[in-house]
Amino acid sequence: MYASSPREHSSHKYSPHEHSPREPVRRDQGARRPGAMSSRAVLTTEADVLARSRVGVLRSQGALVLRPAHPKESEPLTHRRREVARVMLAAGAAGPLGGDDYSLDVHVGAGSTLVLTEASAMLVLPGPCGGRSHMRINVYVGEGATFVWLPEPIIAARGCDHEHDVRVRLERGARLVMREETLLGRHREPPGDFRTTLRVTHDDTPLYHQQLCVGPQADGWRGAAVVGENGAVGSIIAVDPAWESGAPATSAFHSSAILAPLPGPGMLVSAVAPDSLQLRRRLSAGLDTLGAPWAPRDAPLPEPEGHRDEVVSETEHTGAG
Amino acid sequence: MAQGQAALLLLADGRLPAGGYAHSGGLEPTVQAGRVSDAAGLEQFLVGRAETTGFVAAVFAAAACERAVRDDIAALSALESELDARTPSPELRSVSRTLGRQLLRVMSTIHPHPHFALLGTAPHQPVVMGVAAAALGLGPRDAALAILHESVAGPAAAAAKLMRIDPFDVHAALARATERLDRLADAAANHADAPASELPSRGAPLSDIAAEHHRSWNVRLFAS
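Protein sequence lines, in the order shown, are assigned to chains A and B.
Counting from 1, position 3 in the first sequence corresponds to residue 3 in my numbering; the numbering is continuous, with no gaps.
Adding 321 to a residue's 1-based position in the second sequence gives its number in my numbering.
Calculated from the structure, these hints are not laboratory results.
Source: prediction; values computed, not measured.
Check before you lean on any hint, since a few could be wrong.
As the list claims (entries may be wrong) - Derived CB-CB ranges, DEER-like: (1) B:Gly-335 with A:Ala-51: 57 to 63 angstroms; (2) A:Glu-83 with B:Arg-504: 53 to 59 angstroms; (3) B:Val-427 with A:Arg-54: 58 to 64 angstroms; (4) B:Asp-334 with A:Asp-165: 37 to 43 angstroms.
Where a beta carbon is used, it is the ideal one built from N, C-alpha and C, also for glycine.
With the hints as extra help, turn the sequences into a complete structure.
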């Protein structure tokens, strides 16, 4: 089930059975459980002789609907650039629900640039017959290619059982900026079992590999070593071949967020926050710290008055490099 | 496990002069940020640490031990780069390499073995722990258990210096954690012969954030 914006979730309560209207339109596409949905989508881009990026394959299926799009928000790297390919992922059905199996393959061909956005947040719910849902995303970014991936948050609803697995393979000389945001349950609700893994390799060398496990089956994640009492956790990974010869400095720019170099030509913004809006602000603030062309040129949202005191002052973190 | 118990106690002993006592396992910045203030909070912190970074370290110690037992020292470099990728905080990568260098120095002196000379100058601590366990005749599960023990015993020992807490409460939490550590060591040993790229990675975002804040302090009690 998709929501129109992450903010709407904090004021809207769903019942666990609200997915029922979806049943009649679903078709069983080879999945094991009755009513479960299997969707496989493919997206490729290539550069033409004039170095403009074009979408090659745009294959949607079931719940995963891909369509050419206009810019959705101010974009790092590609802001106001017209020669790049822009595609939006939209929901063809609610979900994933328990038992569903989604997969998305993205191939950004050498020298091309793809901006992939998402129409709405993805709400992961339990299925009508139980079972685990899966979403596998495989991304390949070719030599000299750029992938700007700005999905909306994933919301792990109460009772869900979901495995989210994202693999990103970058060739040497590829550029990347990708965001991932996880909301731990809807408003005042504990999350179900949710495991999300992100692995990024650059030139066949591992750059980032992290899994986050939350929910009743995982232990200790509410402790202060993992996410504490926060309702939202997320990161931005940025990769630039220019950082092969030295990455920007570390910055502990907020009490709950950092910007730090990865072991390779990449930077990480990592943040936790009470809700999705503050998480987005912290992640964006981290990217802003990198300056142009990573900082979107439209003015960032100001932190509300009550949170300003948490921001670490400039003098405190300049020595952190 | 009858064989090697004494060697395992030697390796896991906090009094081994490998520098572990200078580290709070991220507890110092966590207490300072107000995220842990009582015994219940400390126990949750320790459980979270064992289940995430402690488990990842245990998996890599087990994998390093397994490779050292079959003399495949060349395979350790893949473990090094995969562990780097599983440690997003540059400060924690550096701490792991400092502790690795110190453990390597101690082990090369107290129990020389040809493998130690092949590890480079600053290998990751779990990799050294695995190789050291193998040199002492121990197996992957022992290496995993030694590092899991340290991942909770280190911050537990630091707790008494960082917060107002009854030492009996701290050790009660450690006593309750023993079954968990055994279970995690079993799970870590099950991954020992998997390819390095497929080894699990469980993240702890607040530990990364705390470590990067901690390193910018001018005055601190612990090195990490």
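Query raised in the report: Tell me, which hint numbers fail for this structure?
Result: As far as the earlier hints go, not one is violated by this structure.
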